[in-house]
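Given two chains presented individually in distinct reference frames, assemble the corresponding complex, making use of the accompanying hints.
Listed below, chain by chain, are the residues.
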Amino acid sequence: QTVVTQEPSLTVSPGGTVTLTCASSTGAVTSGYYPNWFQQKPGQAPRPLIYSTTNKHSWTPARFSGSLLGGKAALTLSGVQPEDEAEYYCLLYYGGAWVFGGGTKLTVL
Amino acid sequence: QVQLQESGPGLVKPSQTLSLTCTVSGGSISSGGYYWSWIRQLPGKGLEWIGYIHYTGSSFYNPSLKSRVTISVDTSKNQVSLRLRSVTAADTAVYYCARVMDTAMASDYWGQGTLVTVSS
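Chains as they are written, first to last, in my numbering: chain A, 1 to 109; chain B, 1 to 120.
Isolated chain B, as found in the complex (with noise of 0.2 Å):
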């Protein structure tokens, strides 16, 4: 059973970088055939996708944040990386990661999510 969790501070201040890190039990990253990706919901909103990135390390991101997003993955520890730079309180939300297999673009298994206030 493929399991997703994020982790990472709850608070940051604005201007700073957003670091979150998606640990994933239950399954390889490096075995290949899937897009590893975060995806945000403001509160009280919908949700939004952040980007994803493939274990080759492509990558792509949601063009309104790829200025400020980059989506790592470091196969030795299983995780996938999110940061988000110049962090401002719309980036309030809270942060899930995703597997989406890369053949079907099927998403299956999401993180629970991690909330991530920015506030000074």
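Next comes chain A alone, as it looks inside the complex (with noise of 0.2 Å):
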């Protein structure tokens, strides 16, 4: 069975740059698998925020970044502010099947 892993959770300061990673039981992560990224704030729908490794949807911040970063997918957040504090999600595409991560907790402390 195929695992995608995140870390489970990341603390950062208002202000600082955080990166959060989607690693594949598969082996390397590479555009091929489509990542997707997604926030979710308690009681709320998640929301997408990154398509295809890199892509912005329109309603996605500037300060978020997607990318392959050593055999993983990558967000990157910078600048980050008080209301990025939230569970993140990846989901990776595998020829068919799409597996999501555990997810992070990300603190903004």
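Hint data in this document are derived by calculation from the structure and do not stem from the laboratory.
All clues stand as given, with none of them false.
Computed footprint of chain B on chain A, listed as stretches where at least three residues anywhere in the stretch have a Cβ under 8 Å from a Cβ of chain B:
1) 50–61
2) 95–107
With a straight-line Cα cutoff of 25 Å, these simulated DMTMM-like cross-link-like pairs (lysine to aspartate or glutamate) come out:
3) Lys-56(A) with Asp-102(B)
4) Lys-41(A) with Glu-48(B)
5) Lys-45(B) with Glu-87(A)
6) Lys-45(B) with Glu-7(A)
7) Lys-105(A) with Asp-108(B)
In this text the structure is predicted, and so the values were computed from the model without any measurement.
Glycine included, every Cβ here is placed at the ideal spot set by N, Cα and C.
Have a look at this one:
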């Protein structure tokens, strides 16, 4: 069974920069996995942020960026705001099946 | 503006079938270009992809749920449906429908989700 792994939790100071990663049990993540990233706040539906590794939706703040880093998909937040405190999920495509990562709880402190 | 709205019973008895509908507004399912997906989130847990269907009818399911799941499209009503058979308490979750652009594999619009509790 394919497993997608994210950091369980990260803490960042307001104004700082943090990178969340998304690893696949099958090996290096490439653009062919079409990494998507989502932000979810308590009681809300997930909000799409990034698709196809680096592409932003029209509503995605400029401080969010996606990339591939060391064989993983990555989401970088630069100039973190208090409202960025949330759970973040990645999603990878495996030639038909989709698999979500377990999520990263980001604390802004 | 595309909107997705899930609907269906909030309570289902064990061993019965969970049936949910996702009504799409602001865009036509039959216009093509998208996969229509179902995702769930168990209480206090992460997201689990259930499956998706293309407007052409091709579908793909999570292998762990495949034997119990059917996703279908009704283009006349602009709706996507989910049926999950033989439910147990472990299927208690918030169920979301979402749209995915088929060329970029980009998930863009989601419904607000609906809580389904499996209990007698």
